[in-house]
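With chain A held as given, fit chain B onto it using these hints.
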Amino acid sequence: MKRIFTLVLYDYLQRVRSYQFLIILCASLAFAYTLIPAPGDIYSTVRIGEYLGNYNTAWIGYVSAIMSSVFVTLIGYYLVNNSIKIDQTTRVGHIVAATSITNFHYLIAKFLGNFLVLLTVVALIFFMSIVLFFMYSSGYPFEITHFLLAYLLIPIPTIFFISALAVILEVFFGNKSVLQNGVFFILFMIMLAQGSRMGIYSDAFGTNFPTTEMEKQVDLIKTSPDKQELNIGFIIGRKSLEKRFDFTGVSVPFSYVFFRTSWALLGLLLIFIASRFFHRFELKERLALGAKKDKPEHLDTEPSGLREMDLSLFPSVEKSMSIWPVFKTELLMMVRKGSKWLWGLNFAGMTLLVFIPIEPAHKIVLPILWFLQVHRWADLVTKEKRHQMHYFIFSSFKPVQRLLTSQWMAAIALAIGLALPIVLRYALLGQLLPMAAIIMGAIFIIALTSFIGIATGGKRLFEILFFFIAYLNVNNLPFTDYFGGVNPSVEYLLLLGSITAILGVLSFLLRKFELSRV
Amino acid sequence: MKLEIQNLSKKYNKEKYGLKDFSLSLEKGILGLLGPNGAGKSTLLKMIATISKPTEGSIQLNGEDISKHPNIMREQLGYLPQDFGVYPNLNAYEFLNYMAAMKGVGGASLKNRIELLLEGLNLIENAKRPIGTYSGGMKQRVGIAQALLNNPKVILFDEPTVGLDPQERVRFRNLIAELADDAIVILSSHIVSDIDTIADKVAIMKEGRLLMTDDLDGIIETVKGKVVEKAIDKDALNEFKSNHTVVNTVRKNGKIQVRYIDEARDHADSSEEATLEDAYLYLTEKN
Chain A
40 MKRIFTLVLY
50 DYLQRVRSYQ
60 FLIILCASLA
70 FAYTLIPAPG
80 DIYSTVRIGE
90 YLGNYNTAWI
100 GYVSAIMSSV
110 FVTLIGYYLV
120 NNSIKIDQTT
130 RVGHIVAATS
140 ITNFHYLIAK
150 FLGNFLVLLT
160 VVALIFFMSI
170 VLFFMYSSGY
180 PFEITHFLLA
190 YLLIPIPTIF
200 FISALAVILE
210 VFFGNKSVLQ
220 NGVFFILFMI
230 MLAQGSRMGI
240 YSDAFGTNFP
250 TTEMEKQVDL
260 IKTSPDKQEL
270 NIGFIIGRKS
280 LEKRFDFTGV
290 SVPFSYVFFR
300 TSWALLGLLL
310 IFIASRFFHR
320 FELKERLALG
330 AKKDKPEHLD
340 TEPSGLREMD
350 LSLFPSVEKS
360 MSIWPVFKTE
370 LLMMVRKGSK
380 WLWGLNFAGM
390 TLLVFIPIEP
400 AHKIVLPILW
410 FLQVHRWADL
420 VTKEKRHQMH
430 YFIFSSFKPV
440 QRLLTSQWMA
450 AIALAIGLAL
460 PIVLRYALLG
470 QLLPMAAIIM
480 GAIFIIALTS
490 FIGIATGGKR
500 LFEILFFFIA
510 YLNVNNLPFT
520 DYFGGVNPSV
530 EYLLLLGSIT
540 AILGVLSFLL
550 RKFELSRV
Chain B
455 MKLEIQNLSK
465 KYNKEKYGLK
475 DFSLSLEKGI
485 LGLLGPNGAG
495 KSTLLKMIAT
505 ISKPTEGSIQ
515 LNGEDISKHP
525 NIMREQLGYL
535 PQDFGVYPNL
545 NAYEFLNYMA
555 AMKGVGGASL
565 KNRIELLLEG
575 LNLIENAKRP
585 IGTYSGGMKQ
595 RVGIAQALLN
605 NPKVILFDEP
615 TVGLDPQERV
625 RFRNLIAELA
635 DDAIVILSSH
645 IVSDIDTIAD
655 KVAIMKEGRL
665 LMTDDLDGII
675 ETVKGKVVEK
685 AIDKDALNEF
695 KSNHTVVNTV
705 RKNGKIQVRY
715 IDEARDHADS
725 SEEATLEDAY
735 LYLTEKN
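As given, the protein sequences belong to chains A and B, one line each in that order.
One rule links them: number in the numbering used here = place in the first sequence (from 1) + 39.
One rule links them: number in the numbering used here = place in the second sequence (from 1) + 454.
Okay, chain A solo, but in the shape it has when bound:
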């Protein structure tokens, strides 16, 4: 037990002692701030038809707990979905594999590490929601039990299960990150749908019971006979029509506690099952066994050695400042990245862009198709360091101007190439504004990944943010519309263009600054 505790402690410290985690905490704080809209804001997060709760401890506690249960699951998964992979890439896993630790204990340690990371984020949201209560409430007493009970029963069992799920998906799909994330996304959508349809026993997020209680309390006071529909998310507008009610919290039945605990225990059971299939870092051998005999995955027996070289036979060097070879290779690396079958998905997406009506093609298919490239774009400007190529690159001729430009051009070319069917459709229809908006969207998303990559030194924050943006895009939210799907106007395009230019300039300056401070 002490051994696992030590593993968990250092695993946790290793993960949180990074600049990236600090930025993620800042982003979580900003996110927590949006969970409870300020009294004058034009959006709401939980509403029952036209009813919103007054800002007492029960409403703020339960609303922030419900929202954090859903969104910390969605975003937090991407924060913890690589704990085993880190051990693999740093080769710490090989050392671990040579110790007497069992697969189950190792996976439990990873799961608890995940849980602590997510718990840190939830704790931050918890404290922020208390601060928001004191900022927004007018005369309601502070009852901490509402906050404690809501967080204990709603997000904590959820992150417990998600921490386990992240480990399980890594065990089974660890080397196929696109598949790993795809399976999670499907599971997430199923969990979201099941929770609202099937009642508390199938509700992984734990939101069904408290929201049903909210609906019941609204039913007691409503004046209209119509059913008041529950909405969770960032809901824009209708502020003028809203009615207020005093949410008094919930009396928790034993069945609810039982099912919330069951989700947590299910996570542990699944880890136990997964531990039977854990590769224990024998990946190379497994790959070699699976590979065809005439095409070995690794050249373990190298052709012997360096030959004598006559340097006088070498042709003289010709100077060339062309960035075309760099652009070509950057594009090639992006195209080759990830599984080949993902290109099947890309072609399917491009086909949909040709054949389905232009509006859903633009609003839904395009953001999903671009999101599928997240692994290609996320490390666009950080892969030099990740592959330890930066000493070569940074000591080459004019590295910032030539490399960064080539990387931008290659990534934008890929984005526009994928969107080409819809761009051509708009061109044929003579609709230049949406066409320009898509091209601007391609430039924006590349400027965003460059800026985040250079500022944080990693790819994770962009992955999380892009996932969140894509989720809001398919839900048609206007403020994350970076490709003109919801806001097709010249003014919006100019705004997007200005933000893109600022991100581009900041990326360039930051990279220059980074190189001058190595």
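Since the hints were made in silico from the structure, they are not lab data.
Please read all numbers here as calculations on a predicted model, not as lab measurements.
Note that CB positions come from ideal geometry on N, CA and C, so glycine has one too.
It cannot be assumed that every hint is accurate.
[Claimed, not checked] One-sided excerpt, in silico: chain B residues whose CB lies under 10 Å from chain A:
1) Lys500
2) Glu529
3) Leu531
4) Gln536
5) Phe549
6) Asn551
7) Val559
8) Gly560
9) Ser563
10) Leu571
11) Gln600
12) Leu610
13) Arg623
14) Val624
15) Phe626
16) Asp635
Leaving out everything else, chain B in the frame of chain A:
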């Protein structure tokens, strides 16, 4: 071609220096940088390679300060860092073409140059396989190839023989010797045999400081006549070590043959010939 390093320092915090007050002047030929781990060899090479900025002092190439004008150095630099990686999805041709473009090299002759390098480094048969499938030694040879792409005039090799087998090490030394006819070559290592057969000049470093720089004979001179070998009992070794600068010990017939530096007396008539290793160990132990 002249490389002048003047009072160069790299400070990591108020008290910790990676390199302190380092001065050296170099022209064509090979400089061997010797020093234990943490001596500051890599720090010095990174500053010469323009990927790290000095806190104090200057590095001048033909009179131009490379901190202010890094591209002057970068245009003629060939650098093989100690720890480097490669893009695993590229094959050797693609990787070298990419690196050539980054170095500002191109034209019709590039393809021929890359093929000659791949042939010389015995990578031609596997040049179309992804580098991610290469062994450690093959990756090291890819690293050497990229360093030579632009016919560099300043060549920095940081622990270059890691991953090379004994035969390859000999050929690599020959290659360095040939390169040094027309360039400044700085070769860093903590393996004395990598340096002593080819270096025109040797610099011994420890804890960020330059302990001594001279040609090979000049360095060996510091321990000439002071190297002694004698057999002692196993039990007496620890006490002997605390009183003498021991450079080597060998078990022989139940006894320990100790090679040490005896500063007190001059053993000019001693049969033990002083080596660079003796001088290196003596200087790094003493300082």
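Status of the hints after comparison with the structure:
1. Lys500: holds, 8 Å
2. Glu529: holds, 6 Å
3. Leu531: holds, 6 Å
4. Gln536: Cβ of Gln536 (chain B) sits 9 Å from chain A, so the hint holds.
5. Phe549: Holds - the Cβ of Phe549 (chain B) comes within 10 Å of chain A, reaching about 8 Å at its closest.
6. Asn551: holds, 5 Å
7. Val559: holds, 6 Å
8. Gly560: This interface hint holds because 3 Å falls under the 10 Å limit.
9. Ser563: holds, 4 Å
10. Leu571: Given a least distance of 8 Å, the restraint on Leu571 (chain B) holds.
11. Gln600: holds, 6 Å
12. Leu610: holds, 9 Å
13. Arg623: Holds, about 9 Å.
14. Val624: holds, 9 Å
15. Phe626: Holds, about 6 Å.
16. Asp635: holds, 8 Å
The earlier numbered hints are all upheld by this structure, with none contradicted.
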